[in-house]
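Colleague: Assemble the whole structure, with the sequences as input and the hints as a guide.
Those protein sequence lines, which keep their order, are chains B and F.
Going by this note's numbering, the letters in the first sequence line up with residues 4 to 119, in that order.
Going by this note's numbering, the letters in the second sequence line up with residues 223 to 465, in that order.
These are computed hints drawn from the structure, not numbers from a lab.
Each residue gets a CB set at the ideal place from its N, CA and C atoms; glycine is no exception.
Treat the hints with caution; some may be incorrect.
[Stated by the list, open to error] Not everything, but these chain B residues come out facing chain F in the computed CB check (under 8 Å):
hint, residue
1, Gln-104
2, Leu-106
3, Ala-107
4, Asn-110
[As the list claims (entries may be wrong)] Listed next, the in silico BS3-like pairs over lysine-lysine satisfying Cα-Cα at most 25 Å (straight line):
hint, chain 1, residue 1, chain 2, residue 2
5, F, Lys-279, B, Lys-112
6, F, Lys-448, B, Lys-91
7, F, Lys-415, F, Lys-335
8, F, Lys-416, F, Lys-363
9, B, Lys-100, F, Lys-448
10, B, Lys-94, F, Lys-448
11, B, Lys-94, B, Lys-30
The residues making up each chain are set out below.
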Amino acid sequence: MSFQAKIIITAMALVNLVFIMELLRKKKLSESYTLLWLFVIGAVIFFTWAAQFLSSLTRFFGAIAPVSTLTLLSLLFILVMLIFFSMKIYKMERRIKELVQRLALDNAKRNQHITP
Amino acid sequence: MGLRQDIDKEGAIVIPVFNEEKNLRATVEEIRRERITWDIITVDDGSTDGSRELLEKLPVTVISHPVNLGYGAAVQTGLRYAVAAGYGTVVLMDADGQHIPSEIPNLLAALEKGADIVIGSRFLGSSAGYRIPFLRRMGIKFFSALAGILGGTKIYDVTSGYQAMRRNVAQFLAEEYPVDFPDAEVIISLGLKKFRIAEIPVQFRRREHGVSMYSNPIRAFYYPFKSILASFIVLLRIIRGKN
Numbered sequence: 004m005s006f007q008a009k010i011i012i013t014a015m016a017l018v019n020l021v022f023i024m025e026l027l028r029k030k031k032l033s034e035s036y037t038l039l040w041l042f043v044i045g046a047v048i049f050f051t052w053a054a055q056f057l058s059s060l061t062r063f064f065g066a067i068a069p070v071s072t073l074t075l076l077s078l079l080f081i082l083v084m085l086i087f088f089s090m091k092i093y094k095m096e097r098r099i100k101e102l103v104q105r106l107a108l109d110n111a112k113r114n115q116h117i118t119p
Numbered sequence: 223m224g225l226r227q228d229i230d231k232e233g234a235i236v237i238p239v240f241n242e243e244k245n246l247r248a249t250v251e252e253i254r255r256e257r258i259t260w261d262i263i264t265v266d267d268g269s270t271d272g273s274r275e276l277l278e279k280l281p282v283t284v285i286s287h288p289v290n291l292g293y294g295a296a297v298q299t300g301l302r303y304a305v306a307a308g309y310g311t312v313v314l315m316d317a318d319g320q321h322i323p324s325e326i327p328n329l330l331a332a333l334e335k336g337a338d339i340v341i342g343s344r345f346l347g348s349s350a351g352y353r354i355p356f357l358r359r360m361g362i363k364f365f366s367a368l369a370g371i372l373g374g375t376k377i378y379d380v381t382s383g384y385q386a387m388r389r390n391v392a393q394f395l396a397e398e399y400p401v402d403f404p405d406a407e408v409i410i411s412l413g414l415k416k417f418r419i420a421e422i423p424v425q426f427r428r429r430e431h432g433v434s435m436y437s438n439p440i441r442a443f444y445y446p447f448k449s450i451l452a453s454f455i456v457l458l459r460i461i462r463g464k465n
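Modeller: Listed below in structure tokens is the structure:
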């Protein structure tokens with residue numbers, strides 16, 4: 004990877020870092036998710052500069068260019084995140100359904116007491 | 223929930239409602255005309271057309287979802303209410319006027335003969351002439367076969383929401399009920415749990431106002447895939463003892 008590419012990737016990662024921290028400051032992101040994204044940004048910077056480690060991984064994967072390895076790792080990460088967020092959304096859907104049903108049942112119960 | 227648990231009332235009619243303002247009054251009045259005195263429990267699933275306001279004026283119990291959750295969730299809320307209120311039997315029917323209240327005694331008579339749940343069918347006996355679009359009919363046949371294979375009970379009209387059930391079935395379904403397109407999944411689940419399922423011919427009417435939940439093309443496309451997947455998962459869960 005060229006030095007120029009490393010600088011660009013690092014700069015983008017740092018911009019993301021500032022963005023994530025800003026979201027946390029504005030209470031638009033929880034600490035737990037912030038930690039996750041900080042880990043991702045850290046990993047991107049690490050892989051960008053640890054050329055030897057990235058080369059070893061590239062050989063292990065049978066890829067030609069280190070950039071391909073980075074792309075593959077990114078895709079795997081995105082896939083895992085999508086599954087994770089699908090699970091989260093489903094869990095929230097179930098909670099919302101439960102809440103709405105309980106609210107509706109409690110209201111019906113209250114109304115029934117008013118007009119028996 | 224502890225809602226009037228001490229009273230064990232005979233039965234209730236649960237009606238899920240979503241944007242059925244034009245059909246509601248006629249449905250409720252027709253039930254009363256048939257001299258069916260059971261409580262009518264309506265579950266408004268976040269209607270936007272004035273159904274909820276109309277329900278408040280009718281002689282029915284109204285349960286209102288503040289937001290739309292889906293047909294299955296509305297049914298489940300109604301069942302949860304009926305179970306908590308101590309009803310011994312629950313009749314499930316739609317608000318769109320397709321289910322004819324005079325068939326309720328027939329459903330209950332079949333229940334009396336020993337079934338745990340009775341499905342009112344459009345495809346049996348004298349009702350066999352009920353016309354529905356070809357693709358939908360093929361879909362129903364497919365899911366009927368699937369329910370027969372996976373659940374062990376052959377039901378011809380798996381999509382029929384006109385049902386009468388004993389309290390034990392209502393209790394089971396109140397615990398877990400699919401949010402959307404419950405049809406085959408519920409039949410399979412009940413079959414695997416060894417509930418006695420019966421099916422009798424009943425007359426259906428065409429809906430005069432509004433649209434069916436199957437009329438949305440995206441949902442119609444999604445329906446078979448969801449139902450096939452859900453059917454196999456029900457089987458898997460029961461085999462692995464998760465449900």
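Colleague: Run every hint past the structure and note whether it holds.
Modeller: Hint-by-hint comparison with the structure:
no., hint, verdict
1, Gln-104, "holds (5 Å)"
2, Leu-106, "holds (6 Å)"
3, Ala-107, "holds (5 Å)"
4, Asn-110, "holds (7 Å)"
5, Lys-279(F) to Lys-112(B), "holds (17 Å)"
6, Lys-448(F) to Lys-91(B), "holds (20 Å)"
7, Lys-415(F) to Lys-335(F), "holds (19 Å)"
8, Lys-416(F) to Lys-363(F), "holds (22 Å)"
9, Lys-100(B) to Lys-448(F), "holds (19 Å)"
10, Lys-94(B) to Lys-448(F), "holds (18 Å)"
11, Lys-94(B) to Lys-30(B), "holds (22 Å)"
Going down the numbered hints, you'll see the structure goes against none, and every one checks out.
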